[in-house]
Amino acid sequence: MSEDIYREMILDHYRNPRNKGKIEKPDVRIHDSNPLCGDEISIDLRVEGDTIKDIKFDGRGCAISQASASMLTEMVSNKPLTTIKDITKNDILENIGLTNLGPARIKCALLSLKVLKLGMVKYYIDKDPQSAEKLKEDSKVF
Amino acid sequence: MDVHKIRQDFPILSRYLKNGKKLVYLDNAATTQKPIQVINAIYKYYSEYNSNIHRAVYQIADEATEEYEKTRESIRKFINAKYLEEIIFTRNTTESINLIAYSWGKKNIKKGDKIILTDYEHHSNIVPWQMLCEQQGAKIKYVDTDENGYLNIESFLNLLKEKKSEKEKTKVVSLSHMSNVLGTIHPVKNIIKIAHEKNIPVVLDGAQSVPHMKTDVQDVDCDFLAFSAHKMLGPTGVGVLYVKREILESMPPFITGGDMIKEVHKYSTVFNDLPYKFEGGTPNIADVIGFNAALNYLEKIGMGNIREHEKELGKYMYDNIKDIKDIKIYGPQNIDDRGGLFSFNIEGIHPHDCATILNDFGVAIRSGHHCAQVLMEKLDIIASSRASLYIYNTKEEIDIFVDAINHVRRIFKV
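Taken in sequence, the protein lines are chains A and B. Count the first sequence with this note's numbering and you get residues 1 to 142, in order. Count the second sequence with this note's numbering and you get residues 1 to 414, in order.
FYI, nobody ran anything at the bench for these hints, they're computed from the structure. Do not rely on the hints blindly, as some may be mistaken.
[Stated by the list, open to error] Pairs of lysine-lysine residues, derived as DSBU-like cross-links and limited to a Cα-Cα distance of at most 30 Å, are as follows:
#, chain 1, residue 1, chain 2, residue 2
1, B, K70, A, K134
2, B, K395, B, K315
3, B, K107, A, K136
4, A, K136, B, K106
5, A, K79, A, K20
[Unchecked claim] Each pair of labels, with its calculated beta carbon distance range:
#, chain 1, residue 1, chain 2, residue 2, range
6, A, D86, B, G112, 49 to 57 Å
7, B, K21, A, G38, 58 to 66 Å
8, B, I36, A, G38, 40 to 48 Å
The structure presented is a predicted model; accordingly, all values stated were derived computationally and were not measured. Beta carbons are placed, not taken as given, at the ideal position from N, Cα and C, and that holds for glycine.
Generate coordinates for the entire structure from the input sequences, incorporating the hints supplied.
This is the structure in structure tokens:
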């Protein structure tokens with residue numbers, strides 16, 4: 001029910017998003033949108049070695065999309081870039097505590113993961129095009 | 001498979017006509033009847049969760065979206081496509097082929113290019129290419145069929161070789177897997193292999209084949225496949241286009257506007273992801289959902305069993321009409337090479353007259369040019385009669401059909 005969706009944690013991340021903004025000269029910047037709510041998310045990454053040293057997201061949209069993005073930035077900050085590859089749809093839904101979303105709203109929740117995965121592929125595409133192709137295949141969120 | 005049990009699922013098959021005769025439906029190549037499961041699925045959508053899909057966030061819209069998308073997954077499995085986003089909903093086979101011609105064709109086919117078709121194609125696999133040729137300055141070449149309805153592979157190879165100038169290049173081959181007049185099942189896997197050796201993509205018109213035999217797009221390796229729901233127990237108004245993902249990714253949209261967008265600004269638009277990019281506007285939700293019930297029905301019986309049933313019935317029909325005086329049956333004699341549809345003419349009797357008299361017996365067959373006038377010209381006939389079979393037809397019905405044909409001959413005194 002709606003109260004389950006709009007719990008304190010979601011509303012908190014929605015009102016006080018973590019890691020919101022832009023990185024000056026990021027290593028990767030990637031953007032995508034969700035036609036349902038008109039959600040937009042862009043993610044900037046600064047990578048050192050193989051570690052995500054800084055991550056910022058920017059965007060606008062519904063509470064689910066923005067809170068999910070905020071929580072995702074916390075989840076991957078200071079982790080190896082390759083961990084992004086292994087994050088599944090269920091990881092996100094469990095992380096934000098919404099495992100019951102319908103087919104429409106689930107796209108709001110997963111938009112930031114989709115953007116992040118695209119970002120990872122983009123980062124590798126110049127460095128190692130072949131494995132980037134493979135990553136792209138493995139990175140499908142929907 | 002138990003045909004009599006199957007028949008109970010089709011309400012229309014117990015219908016009596018105005019003259020008191022029971023319907024003997026033998027026009028399955030045009031459209032098939034619908035089982036109660038399909039009718040109920042449509043009824044259920046309209047009476048329980050009618051709503052628009054993909055956008056709204058309330059419960060019944062979620063239900064509608066889920067059911068609609070389930071059909072896409074069923075189709076993927078049914079034709080063994082690798083990826084879900086390779087399945088696009090259209091209105092029918094014709095629209096699917098138009099989508100290919102207008103989107104892929106306009107981008108890839110240029111002045112002087114060649115498009116290879118066959119002389120047995122349905123108009124839906126001729127006219128869109130003619131329109132494209134007119135716009136782009138390309139031209140169509142036809143592969144011949146021989147007198148028994150088999151494709152002349154030599155003529156195909158010659159067309160591939162033929163090259164008037166360096167600029168002239170075959171850009172696409174488009175053909176039906178099964179002819180809707182001759183019934184021939186063509187060796188498309190081999191044709192596709194030959195075309196691919198020259199890097200030429202192949203469009204397969206599966207309108208007649210997909211409903212009647214197992215289709216595996218990864219095995220035949222076609223680049224495009226078009227077919228219609230209503231010829232396989234599903235509702236009218238739903239077509240399918242399969243396109244290999246790497247090709248689909250490079251294609252511009254066809255119908256633009258609602259639902260196929262991600263962001264629209266005053267002077268620019270970001271298109272939606274595959275496959276939605278190709279599904280502009282509110283689709284035929286109810287009938288797509290109904291189609292899923294049809295696919296489940298066919299899967300339950302098994303496409304192999306359906307093919308066997310049609311071969312058995314087809315042989316029975318062929319054996320019972322082949323000796324009728326002055327009858328000419330078109331297409332292969334070997335039932336292994338053909339589907340359960342038979343076009344024929346009886347000398348001195350126009351097909352429309354034949355079909356009208358058959359109607360007195362409750363027998364529904366098609367008469368006319370079957371949207372294949374190029375083939376009619378080649379066969380040097382203006383029309384033919386066509387009887388076509390499906391899962392619910394029986395030998396008893398074929399007996400009624402044969403009696404009726406003999407009656408036609410008596411009336412015309414031939």
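Hint numbers not upheld by this structure, sorted from lowest to highest
none
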